[in-house]
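Let the sequences and hints guide you as you build the complete structure.
Chains A, B, C and D supply the protein sequences, listed in that same order.
The first sequence: position 127 = 127 (my numbering), numbered continuously.
The second sequence: position 2 = 2 (my numbering), numbered continuously.
The third sequence: position 64 = 64 (my numbering), numbered continuously.
The fourth sequence: position 32 = 32 (my numbering), numbered continuously.
None of these hints come from the bench; they were simulated from the model.
Keep in mind that a hint or two might mislead.
Using 30 Å as the maximum straight-line C-alpha spacing, the simulated DSBU-like pairs for lysine-lysine come out as follows [as the list claims (entries may be wrong)]:
1. D:493 to D:512
2. D:381 to C:186
3. D:381 to B:104
4. C:186 to D:28
5. B:23 to B:104
6. D:507 to D:493
7. A:65 to B:104
8. D:380 to C:186
9. A:65 to D:28
10. D:447 to D:380
11. A:65 to C:186
12. B:104 to D:380
13. B:104 to C:186
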Amino acid sequence: MRGMSIIVRIIVAILGGLVILYGLYVTLTGHLAPGGGFVGGVIIMAGITMMVLAFGGERARELMKEHHCQMLEGFGALAFVIIALLGFFAAGSCFFKNFLPTGKVHELTSGGMIPLSNVAIAIKVGAGLTGIFLALVLGCRSAMFRKGK
Amino acid sequence: MGIAIYILAFVFILLGVYALIAKKNVIRIIIGIGILEYGVNLLLVLVGYRKGGMAPILANGQSSANLAGRAVDPLPQAMVLTSIVIGLSITALAVALAIRLYDKYGTFDMNDIRDLRG
Amino acid sequence: MGVELVILLLIVFMIISALIAVEASDLLSAVIAIGAAGFALCAIDLLLAAPDLAFPQVLVEIITLVILIRMIMTRQDTSRQTPKDTLRTAMVMLACGMFLIVVFLAVGGMNTSGTIPSFGRPVMGSFDDTGVSSQYLFRCAQDTGAANVVMGILLDYRAYDTLGEATVIVVAILGGYAVLRRIGRKKREVKS
Amino acid sequence: MLMETIVPLMVIIPLGAAFTVVILSNLKVVSRLARIIAPLAIAVNLTLSIWICVYSYYYGDATVWAGRWDGIAGRPIGIELVCDGFARLMLVTINLVAFAAIIFSTAYMERFTTIWLYDSLFLLMTGAMNGVVLSGDLFNMYVFIEIAAISSYGLVAFGTEREELEAAFKYLTLGVIGSTFILIGVTVLYSLTGQLNMTRVARIISLRGISQSPAVILAAASLIGGLSLKAAMVPFHAWLPDAHPSAPAPISAMLSGVLIKAAGVYAVVRIIFNVLGINPYYANVLIALGALSMVIGVFLAIGQWDFKRLLAYHSISQMGYVVMSIGVAAAVVARGGSMMAASLCMLGGLFHMFNHAAFKSLLFLSSGSIEQATGTRHLKKMGGLARRMPLTSFCCRVGALSIAGVPPFNGFFSKLIIIIGLVVAGYPILAALAVLVALMTLLSFIKVQRYALEGPVSEQTNSVRESSWQMGLGMVILAVVCVLAGLALIPLKQYLFDPAGNALLNKAASMKNLLVEAVK
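Shown next as structure tokens:
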């Protein structure tokens with residue numbers, strides 16, 4: 001898959017960064033406004049995919065190997081499990097115990113472990129969907145088959 | 001009016017079931033999966049709606065008691081979020097299977113994709 | 001009354017889109033029609049005070065559309081119109097009809113007792129035995145510190161569900177990788 | 001306190017291990033290490049499940065509130081994990097079969113590529129099934145059923161050959177319909193009661209006396225229909241004979257051995273007994289589904305020549321026994337019959353469920369061993385394997401004798417208990433049917449013995465050798481279980497089946513009392 005024209009590339013280079021930034025914002029403010037980890041992860045993935053489509057698949061595949069996506073995905077999921085397990089060591093020991101101070105409502109630091117969980121989910125969703133989306137849409141793997149057939 | 005809304009939501013779901021059972025095209029089956037997901041999500045959102053309700057987000061300076069008196073039911077919304085994710089996952093897996101089926105059989109037609117008998 | 005009418009019309013629109021998606025002869029228009037239904041669902045989410053849902057719904061919608069359109073554009077559809085399996089279709093129709101009759105009774109069509117509460121009046125409970133939601137609304141800010149009650153439920157009260165949800169994505173993506181593997185078996189086996 | 005830590009670990013350990021496998025396998029340095037994580041995690045899980053059984057026997061059932069949201073003044077708001085007798089029975093079954101299957105697959109899966117994907121999907125499926133049986137919350141149960149189902153779609157297609165992809169796609173299509181109807185049922189129950197916790201939903205339904213109102217019937221129809229589809233009961237069985245044989249052999253063992261039980265039969269029984277409350281209609285539906293599956297499954301099986309397909313059809317038939325017997329128990333309780341007959345039927349059903357997990361997994365594993373050695377699944381192309389593969393043939397024979405109901409193997413005892421229970425409960429026609437189906441099962445497996453293990457050595461089987469020791473170990477574990485479960489019925493009954501049966505029957509009876517009081 002080849003990249004697109006220079007105009008598109010420049011616009012996407014600017015916009016892609018903004019989209020990813022917006023994804024981070026949505027992830028971090030999930031406990032205050034609509035959004036959250038899943039939405040943030042999907043937006044980040046959309047930003048990355050936009051850049052991949054504009055700059056072409058080969059360049060992207062040099063930068064992002066599939067196993068990087070898989071590792072990040074596993075890491076995000078494991079982080080969520082670890083957050084769950086940390087509850088065992090807290091005061092009211094039970095898994096998924098919200099052990100952090102809940103802070104003041106409407107502040108970024110409120111919500112105890114909710115923002116942390118959101119970040120973990122965003123990492124996992126962003127990495128996982130980027131990997132599978134590139135595999136499905138660009139046909140990174142299956143394109144090879146059709147040549148063979 | 002409320003009864004009609006619920007029944008139409010169920011009709012929408014049954015359209016998805018019809019697409020899955022009666023249609024023989026892989027893409028159309030994936031579309032049917034999408035219809036089913038939308039239908040169930042629609043039903044859940046409808047169930048949680050309170051007339052004239054506000055979104056279950058505490059505004060600055062609002063008291064919790066006030067929110068509890070006015071907001072729509074938040075639990076179905078949490079369930080729909082989970083259900084949306086499950087729907088996306090199933091669709092992704094179905095598309096992956098469809099791509100590989102096309103690689104192997106060269107068609108999207110389930111009438112031609114039948115090596116298994118019985 | 002106003003909201004209900006709009007929602008009713010939107011659902012009718014969704015049904016028509018779904019019908020087009022199921023029956024249209026061209027696959028591309030079918031995919032676009034199902035996209036239209038998805039966006040109507042987003043509008044319904046917004047009308048029903050659920051911005052938390054409209055957001056992911058629209059994103060998921062776009063992803064699905066991109067994947068499906070890409071899949072159709074790059075591959076030749078050779079499927080043919082086959083004679084309809086009338087017996088099977090008739091049986092499905094019959095089952096659907098019976099199901100709809102039960103639905104009609106269950107949503108209060110004949111106004112018997114023990115029906116689903118009418119539209120716009122969910123069982124949220126206050127301090128009696130039924131309904132758990134008003135407790136969430138009351139206590140969320142104090143218990144979890146989250147202003148967004150949906151997120152409070154999702155990641156604190158019912159975080160165990162969200163672990164499942166997170167796992168579903170991992171499972172589907174790993175399954176997708178497994179299915180897309182170029183070679184599944186190391187050597188060709190003798191086929192029976 | 002101790003149980004509050006251990007019970008969630010049954011779900012968390014496999015999930016965490018699966019994610020660790022994903023990370024480690026992609027690091028070049030330690031990717032070999034990743035192979036031992038899966039067997040290790042399942043072994044820990046098996047140990048914990050047995051420990052939970054023994055501990056709970058002496059100290060009673062445990063309930064755990066995720067995040068400790070057990071609410072104020074007895075109004076819970078979180079998710080409950082219930083570890084009662086029925087859940088414990090399923091935990092032991094799942095982890096036992098999973099342990100044998102993962103040991104088997106350490107050698108069997110060598111011929112596939114990217115085995116770490118298999119390992120992590122296997123762990124996720126096992127963890128999800130543990131989650132299903134431990135869950136005391138309707139929506140949570142749905143989520144875990146979905147995880148188990150989605151991972152099984154991926155695993156069925158793991159070989160990525162033509163038949164496997166086709167079977168996986170059909171399985172996915174029907175599975176999605178099933179899950180949709182489960183979610184519709186959950187939605188309707190939520191809209192009625194405003195609760196998701198099973199105990200609370202059951203309480204509200206009985207107190208308001210709406211257990212036969214149209215809305216509850218809609219929920220029941222959706223839930224029973226959707227879950228029967230997952231359990232492959234007869235009108236909904238079309239996917240099973242394609243999906244189960246197409247998977248790799250250890251996965252066939254897991255799907256037939258435990259998945260259709262955990263995500264199908266367990267869930268439907270749990271919902272009917274502990275949520276909706278038993279009444280004669282639901283009981284009759286269960287009996288009809290069970291009897292139909294039992295008879296039609298065995299008729300479809302008897303003409304099969306593909307070994308794994310034959311086993312898959314027998315799964316439908318044997319699960320029919322289980323569902324029918326539990327349905328009869330429900331019918332007896334619903335019409336206020338003798339508790340003795342009900343508990344006898346319940347014991348038979350649960351014992352047969354355990355036994356079926358053991359012998360069907362054993363048979364699928366040995367079919368995998370035979371397929372790997374000979375390269376075929378067709379019975380007529382085998383022959384004389386008894387001399388070439390003594391261990392596999394021995395294990396295959398143990399499994400076949402168990403499923404056919406020959407004494408002193410476990411299948412004989414469970415079928416005998418079911419038949420006696422049916423007669424005592426006043427269903428002699430069903431008992432006669434059960435005997436007939438048992439005879440036909442016996443015939444069908446005599447055919448397997450005759451063509452696969454005995455007879456002249458064909459050219460295809462001439463040069464085969466016994467499989468590796470890991471595969472042998474996996475089969476031997478299950479064969480030992482098959483023999484021991486028949487002989488050690490009394491202690492097993494005391495520690496496993498009686499708590500399980502009581503958990504179902506007592507809760508159902510107490511709900512009925514609640515209803516009687518509410519009517520007064």
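Next item on the list: Run the structure past the numbered hints and jot down the numbers of the failing ones, going up.
Entry: Checked against the structure, no hint fails, so every one of them is satisfied.
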